[in-house]
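*Asks:* Residue strings, one per chain:
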Amino acid sequence: MAAEGETLRALLTFAVGVAVGYISQRYAVCFISPLKRLLLLPQLVYYQIKASLREFLDESVYPGAVVGSFAAFLCLRALGYNLGQPHLRVGGVVAGFVGAVLFGYVSAAAGGCPLHMHWKAGEGDKKAWSYLLGFYLGIIYFYLFLKDLVMELAP
Amino acid sequence: MRKFLVKALVLGFLPSLTFHALLEAAAIFPQAYGLCVICHARDLVNYLVDSLTQARFFTYGPHLSVLGIILGGYLGARRGGRTSPLQGRTLDFFLLGFLASVTALVMGMCTARIALLIGWGSLEAVIYLLGVLLGVLLWLRREKR
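Chains as they are written, first to last, in this note's numbering: chain A, 1 to 155; chain B, 1 to 145.
Chain A with its partners taken away, still in its complex shape:
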């Protein structure tokens, strides 16, 4: 019953997801552990950059993703897509900031970002699967009970 565009999009996102999951597993990609390391031992990160920038770039995650995304942005611009930034609304940003602080706390407690937990579940880690069960139940819970409240606080 799905429209043709939806089928294509589902297949494409699945293919991209396999590539992302494979590379993430091989290189142990996590978006929270670098932040943890940076906050725990800032001087160590500084000396690592000073000793060998190349090695630091190989180990880190954020620079790679940001550079790749920027390249994609430039390509899309060259292809002629209109990529204007949306206007920020104060209520939304404040609510999002509170969510971000809580998300950082919870993810640091769990020891990984959602991407980390997904490829960990693919490895067969039971604890990661239990995290995923809570994750998907949380989505349904949010849309059943919390969506209206959040929308009221931050229109």
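Think of the hints as simulated: they come from the structure by calculation, not from any bench. Note that beta-carbon positions come from the ideal geometry of N, C-alpha and C, so glycine has one too. Take every hint as true, because none was put in to throw you off.
Subject to a maximum C-alpha distance of 30 Å in a straight line, what follows is the list of computed DSBU-like cross-link-like pairs (lysine-lysine):
{"#": "1", "chain 1": "A", "residue 1": "LYS126", "chain 2": "B", "residue 2": "LYS144"}
{"#": "2", "chain 1": "B", "residue 1": "LYS3", "chain 2": "A", "residue 2": "LYS126"}
{"#": "3", "chain 1": "B", "residue 1": "LYS144", "chain 2": "A", "residue 2": "LYS50"}
{"#": "4", "chain 1": "B", "residue 1": "LYS3", "chain 2": "A", "residue 2": "LYS50"}
For each label pair, taking beta carbons as the anchor points, the in silico distance ranges come out as:
{"#": "5", "chain 1": "B", "residue 1": "GLN87", "chain 2": "A", "residue 2": "LEU8", "range": "35 to 43 Å"}
{"#": "6", "chain 1": "B", "residue 1": "LEU140", "chain 2": "A", "residue 2": "GLY5", "range": "39 to 47 Å"}
{"#": "7", "chain 1": "B", "residue 1": "PHE29", "chain 2": "A", "residue 2": "LYS50", "range": "39 to 47 Å"}
{"#": "8", "chain 1": "B", "residue 1": "LEU138", "chain 2": "A", "residue 2": "LYS147", "range": "20 to 28 Å"}
{"#": "9", "chain 1": "B", "residue 1": "LEU123", "chain 2": "A", "residue 2": "LEU79", "range": "22 to 30 Å"}
{"#": "10", "chain 1": "B", "residue 1": "LEU134", "chain 2": "A", "residue 2": "GLY5", "range": "34 to 42 Å"}
{"#": "11", "chain 1": "A", "residue 1": "LYS147", "chain 2": "B", "residue 2": "LEU134", "range": "18 to 26 Å"}
{"#": "12", "chain 1": "B", "residue 1": "GLN54", "chain 2": "A", "residue 2": "ARG77", "range": "37 to 45 Å"}
Partner residues aside, some chain A positions facing chain B, computed with beta carbon under 8 Å:
{"#": "13", "residue": "VAL16"}
{"#": "14", "residue": "GLN25"}
{"#": "15", "residue": "LEU35"}
{"#": "16", "residue": "PHE73"}
{"#": "17", "residue": "TYR81"}
{"#": "18", "residue": "LYS120"}
{"#": "19", "residue": "LYS126"}
Knowing the structure of chain A, use the given hints to seat chain B on it.
*Replies:* Same frame as chain A, now just chain B:
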């Protein structure tokens, strides 16, 4: 340098470009929507809920990238072995997953999309990254005690 380039290609370049250029959907979707675990999980779950019930949850369509990431992790583990297992109680992980998805939905993105959005020059993502840093700092403070 090879690892850096592979990460840039797979984590940043490929998702953004395929999602926004090949699908000709740059106008419909929000910024840098190519790789965002919580958004795509939300889309998939809400699509299923909408199909099965009359709930009319918000969705952008069936995005299967979360299933792809799980399959990719399996293939990678078959090829090159597992990484170190997680430490902690199973029930704690269930609760943490629940809280993580709720807070990420309040934020509207997960950390993967924050990285992509910073590449696109978004101020919002920088603010949220500072928020995540603050949250990690609070947890480390509590853990040290």
